[in-house]
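Participant: In case you want the letters, here they are:
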Amino acid sequence: DGGITQSPKYLFRKEGQNVTLSCEQNLNHDAMYWYRQDPGQGLRLIYYSQIVNDFQKGDIAEGYSVSREKKESFPLTVTSAQKNPTAFYLCASSIGLFYEQYFGPGTRLTVT
Amino acid sequence: AQSVTQLDSQVPVFEEAPVELRCNYSSSVSVYLFWYVQYPNQGLQLLLKYLSGSTLVKGINGFEAEFNKSQTSFHLRKPSVHISDTAEYFCARNFNFGNEKLTFGTGTRLTIIP
Numbered sequence: 497d498g499g500i501t502q503s504p505k506y507l508f509r510k511e512g513q514n515v516t517l518s519c520e521q522n523l524n525h526d527a528m529y530w531y532r533q534d535p536g537q538g539l540r541l542i543y544y545s546q547i548v549n550d551f552q553k554g555d556i557a558e559g560y561s562v563s564r565e566k567k568e569s570f571p572l573t574v575t576s577a578q579k580n581p582t583a584f585y586l587c588a589s590s591i592g593l594f595y596e597q598y599f600g601p602g603t604r605l606t607v608t
Numbered sequence: 012a013q014s015v016t017q018l019d020s021q022v023p024v025f026e027e028a029p030v031e032l033r034c035n036y037s038s039s040v041s042v043y044l045f046w047y048v049q050y051p052n053q054g055l056q057l058l059l060k061y062l063s064g065s066t067l068v069k070g071i072n073g074f075e076a077e078f079n080k081s082q083t084s085f086h087l088r089k090p091s092v093h094i095s096d097t098a099e100y101f102c103a104r105n106f107n108f109g110n111e112k113l114t115f116g117t118g119t120r121l122t123i124i125p
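Quick mapping for you: the protein sequence lines, in order, are chains A and B. Numbering-wise (my numbering), the first sequence opens with residue 497 and increments by one. Numbering-wise (my numbering), the second sequence opens with residue 12 and increments by one.
In isolation and in its complexed conformation, chain B is listed as follows (with noise of 0.2 Å):
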């Protein structure tokens, strides 16, 4: 079973619209999650993260997430979107104990129409 779904690999917005990426994650315990930012032919960057505390979580670029864990989600969100945010975005979770390692999904093509 799929550790981290993001159910959306493209994802077209025009700008100025809000936007919503979807990640929902499997775990039955306790919870790291992260999203992070690809640009075209670079490294990820970190755009925000959930370790604990408050289930809304703000982020750089104007980017927020809200940890649900009934439902076992952590959505990004933008309320506006320009056309640098055109990218990759990949959600990801990780444990607090043991040897788990960071689980990415596959990823969200977010793309800006003008």
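Just chain A, with the same shape it has in the complex (with noise of 0.2 Å):
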């Protein structure tokens, strides 16, 4: 079955280290991206990429880093310069920037 992978489900971090979220995809998508999902604000876009070895800042990526070495994995690193990391965090794919996005199931960070 082609899908969108992304683990851990949960992941728990003490204040000032860095993590690492993973994200794979097997639907041989061009395009990946990474949310940040907080109550009451929807989603917002931290990064994106639209080809191997090249990705963009989304709206938030402050705090934030990613790379896009293979076509199928995406990870994202929550920096500790990223002031309030504590959140769900979504992966998700696309043919190309135009068409719909399929997600991943998610990972919810937690930060103390």
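Honestly, I wouldn't trust all of these hints.
Claimed, not checked - Okay, derived cross-link-like pairs now, DSS-like style, lysine-lysine, Cα gap no bigger than 27 Å in a straight line: (1) Lys60/B with Lys567/A; (2) Lys579/A with Lys112/B; (3) Lys505/A with Lys112/B; (4) Lys112/B with Lys567/A; (5) Lys112/B with Lys553/A; (6) Lys566/A with Lys112/B; (7) Lys553/A with Lys80/B.
Simulated from the structure, these hints should not be mistaken for laboratory data. Model, not experiment: these values are computed from the prediction.
Dock chain to chain to rebuild the complex, using the hints, since each chain is given by itself in its own frame.
Facilitator: Right under this line is the structure:
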């Protein structure tokens, strides 16, 4: 079955630590995205990538970093510079920028 | 200005009653429109999409939406809801040119009352 996997489902970290969230897709999609979801605020775009070895900042990129070394993988690092990292993080992919996105199950990150 | 507006943050509906979730978008050019559903602690699932053609779009789980260009709306409807429809629903807009990305509304939480 084709789809998007995110791991782990729940992640706990101490303040000041960097943490990397995994996102893998086997849909052969060129574009991949990372969103942050907070209650009452919908989805906010962190980073996106249209092609391997290329990525662009979204609306709230500060305190985050990404890489796109393989078409299937788009990991997100939440750095210690991110002031409010506790949130639900969603990864998505699409054939291209204009088309519908398919989402993974999400990772809930809690930083204390 | 908000690109995608979902005016109702919460909508309670009795089981087997009809429901309409409202979505308005801002654009003077052609758009692609989408509705997604999110069940608790899960990712988003595509319900339906409008790219072109017929303004009435049918999706999964008995939902449908109507694209109204003059009113810049894309309201989601279901004639009879079930308990399993309890979820958050997101409207989203995209363009078919340039480097624009998908823009989401803030969501509408649909609660089905038994």
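Participant: Looking back at the hints listed earlier, which ones does the structure fail to meet?
Facilitator: 7
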